[in-house]
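> Residue numbers (UniProt numbering), protein chains in the order written: chain A, 1 to 195; chain E, 1 to 195.
Source of the hints: derived by calculation from the structure; they are not laboratory data.
Where a beta carbon is used, it is the ideal one built from N, C-alpha and C, also for glycine.
Hints are supplied without guarantee of correctness; some may be wrong.
[To be verified] The list that follows gives simulated cross-link-like pairs (lysine-lysine, BS3-like), each with its CA atoms no further than 30 Å apart: (1) E:LYS7 <-> E:LYS154; (2) A:LYS102 <-> E:LYS164; (3) E:LYS22 <-> A:LYS164; (4) E:LYS102 <-> E:LYS17; (5) A:LYS102 <-> E:LYS154; (6) E:LYS7 <-> E:LYS164; (7) A:LYS102 <-> E:LYS22; (8) E:LYS22 <-> E:LYS102; (9) E:LYS102 <-> A:LYS17; (10) A:LYS17 <-> A:LYS7.
[Claimed, not checked] Simulated DEER-style distance windows between Cβ atoms: (11) A:SER119 <-> E:ASN3: 29 to 35 Å; (12) E:THR116 <-> A:GLU105: 41 to 47 Å; (13) E:THR116 <-> A:GLY18: 42 to 48 Å; (14) E:SER141 <-> A:LYS102: 30 to 36 Å; (15) E:GLY63 <-> A:GLY18: 28 to 34 Å.
Number of protein chains: 2
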Amino acid sequence: MINTIEKQTGAAFRLRKGDRLKVIDPQGEQVSDIVLFNAEDLREKLSSGKTLDFEETILITKGHHLWSNRSRKMMEILEDTNGRNDFLLAPCSPETFQIMYKNPEYHPSCFENLHTNLSKYGIAPDDIPTAFNIFMNVQFSPDGTLSVDPPLSKAGDYMLLEAKMDLIVGLTACSAEQSNNYAFKPIQYEIISGE
Amino acid sequence: MINTIEKQTGAAFRLRKGDRLKVIDPQGEQVSDIVLFNAEDLREKLSSGKTLDFEETILITKGHHLWSNRSRKMMEILEDTNGRNDFLLAPCSPETFQIMYKNPEYHPSCFENLHTNLSKYGIAPDDIPTAFNIFMNVQFSPDGTLSVDPPLSKAGDYMLLEAKMDLIVGLTACSAEQSNNYAFKPIQYEIISGE
């Protein structure tokens, strides 16, 4: 069954070890932030620093694992039809829009969509780690300068990941104008049981 | 007063808003990992993802701030006589040596030296975020590949930081062979009161 995360919203769900998760960009040029928690002990969670360290690259894609703060493999990326993702930048939050976009009004954000959906599992806003930003196109220059460019993903591009432990997953359809070329779109996902 | 962190050890201490912290590499080619917590609420802590996002660069140095997971400024870098630091890689941990160095024996690590020194403030191992790695020389290629090269710091190089809130600070003299050109050395620090 394919589930749809409507534009500027999110979802949270459980995966069992061995389950596969397919994250689909149905219209193209959309970003999905994902965060992971060990379902048996929520203090173990996704770590960008551990993942970049063990994989020895900024650009995480097919063949790499997503690692936890306890140096354990949480998911393996089995397929990635687009190939460009980001693991440098924190999920967009209310302050992203206030400080970077100079927008003082209320604005939906991945951070809010993650913690509100994950709250049913006892996960608080302060528990949200830096997300793995599927299809986010963050370019870096030799001098370190970062720029957020339109995603390279085309309609139907997807990433297939396999759970290496029982997981609580948070997933969004990104809310930030710059991240998805100024057009808010949905994200779809499918859970493929490992049993 | 200048304090010395002996090789492969760490320290933890409080800073008040307005205090300045000078982190000195007395012999050159040494790395110091720093983590920060809001002294009034330990759930607010240093965030690599928020810092890289707000500063829009991988290479954090003089003029930049270190930001928290709540999108607030924790410290400002006032001076940086070397200029090359890392905020991509997690502190070396026991698993770093087991998995990356293929060394099954006990090995001191920044992660252990951070959480053992911070435990007196009620900070647990799982609370340790990705550290800001002062003088760590992590090079990145256009294809994203990361390499840990010898630090560029010379004897006497230092970083001067100012606390923007009351802080609990963890600080190390790094324990990883590759990070400090295979010679373990001390780190020194001085707290300059803001009053």
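> Next step is simple, just say for each hint if it's right about the structure.
Each hint, compared with the structure:
1. In summary, the hint linking LYS7 of chain E to LYS154 of chain E is supported, as the alpha carbons are separated by about 17 Å, within the 30 Å threshold.
2. With a C-alpha separation of about 22 Å, the suggested pairing of LYS102 of chain A with LYS164 of chain E holds against the 30 Å cut-off.
3. With a C-alpha separation of about 43 Å, the suggested pairing of LYS22 of chain E with LYS164 of chain A is violated against the 30 Å cut-off.
4. Between LYS102 of chain E and LYS17 of chain E the CA atoms are separated by roughly 42 Å; this puts the pair beyond 30 Å, and the hint is violated.
5. Between the alpha carbons of LYS102 of chain A and LYS154 of chain E the distance comes to roughly 41 Å, so the proposed pair goes past 30 Å and is violated.
6. Between the alpha carbons of LYS7 of chain E and LYS164 of chain E the distance comes to roughly 29 Å, so the proposed pair stays at or under 30 Å and holds.
7. Distance check on the hinted pair: LYS102 of chain A and LYS22 of chain E sit about 33 Å apart at the alpha-carbon level, beyond 30 Å; violated.
8. Between the alpha carbons of LYS22 of chain E and LYS102 of chain E the distance comes to roughly 35 Å, so the proposed pair goes past 30 Å and is violated.
9. For the hint pairing LYS102 of chain E with LYS17 of chain A, the CA-to-CA distance comes to about 27 Å; that is within 30 Å, so the pair holds.
10. Taken as a hint, the LYS17 of chain A and LYS7 of chain A pair is honoured in the structure, with Cα atoms around 29 Å apart against an allowance of 30 Å.
11. For SER119 of chain A paired with ASN3 of chain E, a C-beta distance near 42 Å fails the hint of 29 to 35 Å.
12. Remark: the range hint 41 to 47 Å for THR116 of chain E to GLU105 of chain A is upheld by a beta-carbon distance near 46 Å.
13. Roughly 36 Å separates the CB atoms of THR116 of chain E and GLY18 of chain A, a value that falls outside the hinted 42 to 48 Å.
14. In this structure, SER141 of chain E and LYS102 of chain A meet the distance hint of 30 to 36 Å, their C-beta atoms being roughly 34 Å apart.
15. As the Cβ distance of GLY63 of chain E to GLY18 of chain A is approximately 48 Å, the hint placing it in 28 to 34 Å is violated.
Hint violations for this structure: numbers 3, 4, 5, 7, 8, 11, 13, 15, all remaining hints satisfied.
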